[in-house]
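Participant: As you go down the protein sequences, you meet chains A and B in turn.
For the first sequence, the positions run 179 to 433 when the numbering used here is used.
For the second sequence, the positions run 179 to 433 when the numbering used here is used.
Honestly, the hints are just simulated from the structure, not real lab data.
Fair warning: this is a prediction, and the values are worked out from it, not measured in the lab.
Glycine included, C-beta positions come from ideal geometry on N, C-alpha and C.
Possibly wrong hints are sitting among the right ones.
[Said to hold, decoys possible] Incomplete in silico selection of chain B near chain A, CB under 7 Å:
hint : residue
1    : L189
2    : E204
3    : L207
4    : L209
5    : A293
6    : V294
7    : A316
8    : S319
9    : V322
10   : F335
11   : F337
[What the hints assert, rightly or not] The following residues of chain B were derived to be distant from chain A, with all beta-carbon distances above 12 Å:
hint : residue
12   : N198
13   : S228
14   : K234
15   : A345
[What the hints assert, rightly or not] Over 12 Å on every C-beta distance to chain A, these chain B residues come out as not near it, computed from the model:
hint : residue
16   : A237
17   : P245
18   : A272
19   : R360
20   : Q387
21   : P388
Protein chains: 2
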Amino acid sequence: MSTPAPGRLLLVPNALDHGNDPAPIESILALGVLEQAARLQHWVVEDARSARAFLKRVAAVAPLAVPLQAVAMTELPRARKGSREGIEPAQWQALLQPALAGHDLGLLSEAGLPAVADPGAAVVEAAHAAGLTVVPLAGPSALVLALAASGLNGQSFAFVGYLPQEAELRSKRLRELEALSRQQRQTQLFIETPYRNPALAAALLASLQPATRLSISCGLTLEGGWSRCLTVAQWRRAPPVVSDRMPAVFALLAA
Amino acid sequence: MSTPAPGRLLLVPNALDHGNDPAPIESILALGVLEQAARLQHWVVEDARSARAFLKRVAAVAPLAVPLQAVAMTELPRARKGSREGIEPAQWQALLQPALAGHDLGLLSEAGLPAVADPGAAVVEAAHAAGLTVVPLAGPSALVLALAASGLNGQSFAFVGYLPQEAELRSKRLRELEALSRQQRQTQLFIETPYRNPALAAALLASLQPATRLSISCGLTLEGGWSRCLTVAQWRRAPPVVSDRMPAVFALLAA
Numbered sequence: 179m180s181t182p183a184p185g186r187l188l189l190v191p192n193a194l195d196h197g198n199d200p201a202p203i204e205s206i207l208a209l210g211v212l213e214q215a216a217r218l219q220h221w222v223v224e225d226a227r228s229a230r231a232f233l234k235r236v237a238a239v240a241p242l243a244v245p246l247q248a249v250a251m252t253e254l255p256r257a258r259k260g261s262r263e264g265i266e267p268a269q270w271q272a273l274l275q276p277a278l279a280g281h282d283l284g285l286l287s288e289a290g291l292p293a294v295a296d297p298g299a300a301v302v303e304a305a306h307a308a309g310l311t312v313v314p315l316a317g318p319s320a321l322v323l324a325l326a327a328s329g330l331n332g333q334s335f336a337f338v339g340y341l342p343q344e345a346e347l348r349s350k351r352l353r354e355l356e357a358l359s360r361q362q363r364q365t366q367l368f369i370e371t372p373y374r375n376p377a378l379a380a381a382l383l384a385s386l387q388p389a390t391r392l393s394i395s396c397g398l399t400l401e402g403g404w405s406r407c408l409t410v411a412q413w414r415r416a417p418p419v420v421s422d423r424m425p426a427v428f429a430l431l432a433a
Numbered sequence: 179m180s181t182p183a184p185g186r187l188l189l190v191p192n193a194l195d196h197g198n199d200p201a202p203i204e205s206i207l208a209l210g211v212l213e214q215a216a217r218l219q220h221w222v223v224e225d226a227r228s229a230r231a232f233l234k235r236v237a238a239v240a241p242l243a244v245p246l247q248a249v250a251m252t253e254l255p256r257a258r259k260g261s262r263e264g265i266e267p268a269q270w271q272a273l274l275q276p277a278l279a280g281h282d283l284g285l286l287s288e289a290g291l292p293a294v295a296d297p298g299a300a301v302v303e304a305a306h307a308a309g310l311t312v313v314p315l316a317g318p319s320a321l322v323l324a325l326a327a328s329g330l331n332g333q334s335f336a337f338v339g340y341l342p343q344e345a346e347l348r349s350k351r352l353r354e355l356e357a358l359s360r361q362q363r364q365t366q367l368f369i370e371t372p373y374r375n376p377a378l379a380a381a382l383l384a385s386l387q388p389a390t391r392l393s394i395s396c397g398l399t400l401e402g403g404w405s406r407c408l409t410v411a412q413w414r415r416a417p418p419v420v421s422d423r424m425p426a427v428f429a430l431l432a433a
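All chains should be built: construct the whole structure from the sequences, respecting the hints.
Facilitator: Now the structure itself:
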């Protein structure tokens, strides 16, 4: 018996609405991507429930190759978000079994692209180590949409994840990022857990220099989403009302 | 006579194939995005010829609101790519006239998202200054696809544009980026003009530390595109064959 050719790891984008938006999935994802997702019978997913909801939305546009109940799904091992602590490399490799057995395998996040500001990079790393072909499918990234909408420097930018929660440490980190942005002329992007968005927005107005340009993008691609870029001095005159329920992306460029 | 409500600035994604790929546009862009593009009668574009080619592809899926010849297009003022040198702020503002007169206005690059590693940020900046609503539409970004496909750190990453061309300066810059990557645990992404891709790949193998992980993504979303991430030591044993015609994205994460 010959060994089957290995399958590929497909990085499948999700919508940014966490399933809370009535918009049809083809308003945000390409038909070609939906058709490829519909063909996959093996998945590694951030969350099985949201993955099934995603496949139901896909099925409304492109018929699934097998009934939803027959689609094999394994959840990513749960560590602290973004951390691989306590997870053995062998666990990541085990997730790739379907691909090693010859099946294309999908990797799916709860929103946006897997492995970008989201779990999944360890699975991709294991796939390269195993010599599998990795295919990223085009889809929305809140970070890059926020960057485009900011009008800040898109030729040099960094995403630095979450800021410290403690006020003193957060101010220190913001001064660091502002200095780095000035020195490198580099846009600095960061995010926060939605319920802390208003507190972060207030801290930004308090800590940053008046001439620093600050972009806030809230709920991009969602109903009621918006993006606005002003100097800190301008924001102070009309402070932003940032949702504590919608994901937001913050970006700064020092003067 | 009352002043019309201003139009919005829509950031419209393009495919990544520069019109050289026979794939239908709906394989890479969402129907919802194509429908919005089809309705726009006013555009600011990187290149009028490629923009007309884009709208022909759009029209094959979503009928244009007016015939292509009736669509108004203005090209971005041409400065050195990514530079605003010698272009007055008033020139950017002038591009927004249709929006100020009440029409939605599209902004389009030759490939990918406008204002991300591409011209257009100055127009977006002018739109915010004029109080216009800026709406980024979801689409492919080669940078973020390359990051996802790399399996490198997607919780902290930077795009630094082009490296110096001169060998000595390029090595120095690579050592800087490697040190920064190690210190911040931050993935560093950069690009090159396609015909210099092979030279850059060779320089990376020569300059970087053996344990540094190096990802090369070439022609993502295109026929024949690929993405591979190995340590520099592994690449040295089997050097990459990087196209000198397809766009490539390089990313490193120091050990």
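Participant: Would you mind marking each hint as holding or not holding in the structure?
Facilitator: Hints, verified against the model:
1. L189: Status holds, d = 5 Å.
2. E204: Holds - the Cβ of B:E204 comes within 7 Å of chain A, reaching about 5 Å at its closest.
3. L207: Holds, about 5 Å.
4. L209: 5 Å, holds
5. A293: OK, holds: B:A293 within 7 Å of chain A, min 5 Å.
6. V294: Given a least distance of 4 Å, the restraint on B:V294 holds.
7. A316: 3 Å, holds
8. S319: Holds. Min distance 5 Å.
9. V322: Result: holds, 5 Å to nearest chain A Cβ.
10. F335: At 6 Å from the nearest chain A Cβ, B:F335 passes the 7 Å test, so the hint holds.
11. F337: Given a least distance of 6 Å, the restraint on B:F337 holds.
12. N198: 17 Å, holds
13. S228: B:S228 clear of chain A: closest Cβ-Cβ about 18 Å, beyond 12 Å.
14. K234: Holds: least Cβ distance 18 Å, greater than 12 Å.
15. A345: 22 Å, holds
16. A237: 16 Å, holds
17. P245: 25 Å, holds
18. A272: 16 Å, holds
19. R360: Answer for B:R360: holds, closest chain A Cβ roughly 15 Å.
20. Q387: 18 Å, holds
21. P388: About 16 Å separates B:P388 from the closest Cβ of chain A, which puts it past 12 Å; holds.
Checked against the numbered hints above, the structure breaks none of them.
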